[in-house]
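Line by line, the protein sequences are chains F and R. Following this note's numbering, the residues of the first sequence are numbered contiguously, the last one being 380. Following this note's numbering, the residues of the second sequence are numbered contiguously, the last one being 159.
A couple of the hints might just be wrong.
Each computed BS3-like pair below joins lysine-lysine, with the alpha-carbon atoms no more than 27 Å apart [stated by the list, open to error]:
#, chain 1, residue 1, chain 2, residue 2
1, F, K131, F, K81
2, R, K105, F, K284
3, F, K238, R, K105
4, F, K340, R, K88
5, R, K88, F, K79
6, R, K88, F, K77
7, R, K105, F, K340
8, R, K88, F, K160
9, R, K105, F, K74
10, F, K318, F, K114
11, F, K340, R, K109
Calculated directly from the structure, the hints in this document are not laboratory data. Being a predicted model, the structure only gives us computed values, none of them experimental.
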Amino acid sequence: MQTPLFLGQDNTDIGYIINVLYIAMFLVLVFWGEKIQTRIRLRDIEYALERLRLMRDESVKFTKEKLKKYGREEINRFLDNYLEFVTIPPVDMDPAGVVWKLDHIVKTAEDRVRGEIKQIIPDLDESHVLNIMNLFEASYALNYYYKVVRHYYILSKKTSSYILIIQLQAILPQVMMEAEAYLGALQAFSSGQPIGDGAGALVAARLMRGGEIFDIERDNVYTVKNIQGRRIYFMKAKGPGGAVGTPGDALMKLSEKESFKMIFMVDAGLKLEGEKTGSIAEGVGAIIGGIGTEKYKIEEVATKKAIPLYGMIIKMSLKEAITPMTKDVLNGVEEAHQLLLKRIVEKSSEGDTVMVIGVGNTMGIAQ
Amino acid sequence: MVTLWASLSRRVSALEKSPVSLLVPFYFFLLGLLILFSLILLVQGVTGTGRNDSVTNMLFIMTGLTGLVSTFYMIRRYQLSMQKMLKERKIVVLTVEECSKCSYKAVRPFREGDYVYGYGEECPRCPKSLGDTGVENRMVITAIYLEGGRQEERY
Ligand SMILES: [Zn+2]
Chain F
14 MQTPLFLGQD NTDIGYIINV LYIAMFLVLV FWGEKIQTRI RLRDIEYALE RLRLMRDESV
74 KFTKEKLKKY GREEINRFLD NYLEFVTIPP VDMDPAGVVW KLDHIVKTAE DRVRGEIKQI
134 IPDLDESHVL NIMNLFEASY ALNYYYKVVR HYYILSKKTS SYILIIQLQA ILPQVMMEAE
194 AYLGALQAFS SGQPIGDGAG ALVAARLMRG GEIFDIERDN VYTVKNIQGR RIYFMKAKGP
254 GGAVGTPGDA LMKLSEKESF KMIFMVDAGL KLEGEKTGSI AEGVGAIIGG IGTEKYKIEE
314 VATKKAIPLY GMIIKMSLKE AITPMTKDVL NGVEEAHQLL LKRIVEKSSE GDTVMVIGVG
374 NTMGIAQ
Chain R
5 MVTLWASLSR RVSALEKSPV SLLVPFYFFL LGLLILFSLI LLVQGVTGTG RNDSVTNMLF
65 IMTGLTGLVS TFYMIRRYQL SMQKMLKERK IVVLTVEECS KCSYKAVRPF REGDYVYGYG
125 EECPRCPKSL GDTGVENRMV ITAIYLEGGR QEERY
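When you get a sec, could you build the whole thing from the sequences and use the hints?
Structure (structure tokens):
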């Protein structure tokens, strides 16, 4: 009986060719193995880069489409310029007072963009200006991701540095996830829907219902209510435009004439993978994100006057934070609302003055 | 300053015509070669090319088929990823309205201009009193949320 032979085992021409091919392949892999791997990895990065470019283009196109109804051609040009807008942080070799400089620069940048949009479309109300700014920021973020990835892609190609390529490839999935989140944010930003980040603001808005609303500092509102003998200040960013407000400035101003016994803060926080969206973590400290200037001011006030800072985080992913608020987050808001009321009564006593700050982007949430 | 930005952004958009755009045609060229090669193998296997070695013919046919299947799989995957990237993100956002007088509750799709604690539609239950200027009879929006709750499954 003849045992069946596999390709290359029979002594035909084909077998000979296949043997030669195997040896050639072996040599190629020995000498150019790393080069080939580099090529393959670079191709993956190229693919991601192309996707990033498409996402950026789609975002810009979508924004321009949405702004068409105002009939101003200049706004398109302004968006193109805005994508390359730079905000230079202050020098921090001598760190004393750097927070105030940063605060000043950031506010100037915001004023500049706000002013420009208002100049181009004069009959726009404040909340729409803020929503357009948020929309611009999504395109800005996508453009930034694209440009940074492109930079490292070109750099690693030029230097053909294997380490650089591996590093770039390793962080790409996370970058793509964040970019997708920004792309998903466009819909919410363009139609002014509440986003997950507004969870803290929504808790404050619920507690503020029925009170008389006062404006304070830039983009903040507050109200004073009496709950079981305690004087409670509730504060949030002014809605329904996509503002984050300046709770630090407002707190500094309010604490000049009021002596607060304690400060409660509620904010949306990024969860770790595996944690449940909408779950609540209680803690201590100034619970507020952003670049840190508002956090600094709140901590300053609290430390100088020895006011305890209590906080509550409603957990969610980055995507959930910048896309329309999900039902899970809404359930978290409900829970945080009840828990906060309970904690205020537990921790304070009658006659105390308490500050409650709902932190976050208040898009689509009035008061 | 503005003109500087304009020139900057123009230069950036000129840079965008990078070799990246050549990648996709090349990819499809390779796939085409693979299809051709697989077809040749398949034909050789089927016709036998003068040999009566059935095992070799079987192997030719199998290799050819594997090549064809994997190429079509790759094309399909490319199509799917393109669709996923470009498809309209169908997101249904709901608005919850409540009447402050009779606590009637209604859920409807989100409309542009809705915001939490803004005014919604008129309450269908409460009678419209005479001389109403509109606002008194309207329900208050108490929540706006994404239907389905979560959108995480893709990761
Ligand atoms: Zn009613």
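Results of checking the hints against the structure:
For the hint linking K131(F) to K81(F), the alpha-carbon distance of about 15 Å falls within 27 Å, and the restraint holds. For the given pair, K105(R) sits about 39 Å from K284(F) by alpha-carbon distance, which is inconsistent with the 27 Å threshold. The suggested pairing of K238(F) with K105(R) holds, with an alpha-carbon distance near 22 Å, which does not exceed 27 Å. As the CA atoms of K340(F) and K88(R) are separated by approximately 24 Å, the hinted pair is consistent with the 27 Å bound.
Of the supplied pair hints, the one linking K88(R) and K79(F) holds, its CA atoms being roughly 22 Å apart against a limit of 27 Å. For the given pair, K88(R) sits about 22 Å from K77(F) by alpha-carbon distance, which is consistent with the 27 Å threshold. Distance check on the hinted pair: K105(R) and K340(F) sit about 26 Å apart at the alpha-carbon level, within 27 Å; holds. The suggested pairing of K88(R) with K160(F) holds, with an alpha-carbon distance near 23 Å, which does not exceed 27 Å.
Under the criterion of a C-alpha separation no larger than 27 Å, the hint pairing K105(R) with K74(F) is inconsistent with the structure, at around 44 Å. The suggested pairing of K318(F) with K114(F) holds, with an alpha-carbon distance near 24 Å, which does not exceed 27 Å. Distance check on the hinted pair: K340(F) and K109(R) sit about 17 Å apart at the alpha-carbon level, within 27 Å; holds.
Violated hints for the displayed structure, listed by number in ascending order: 2, 9.
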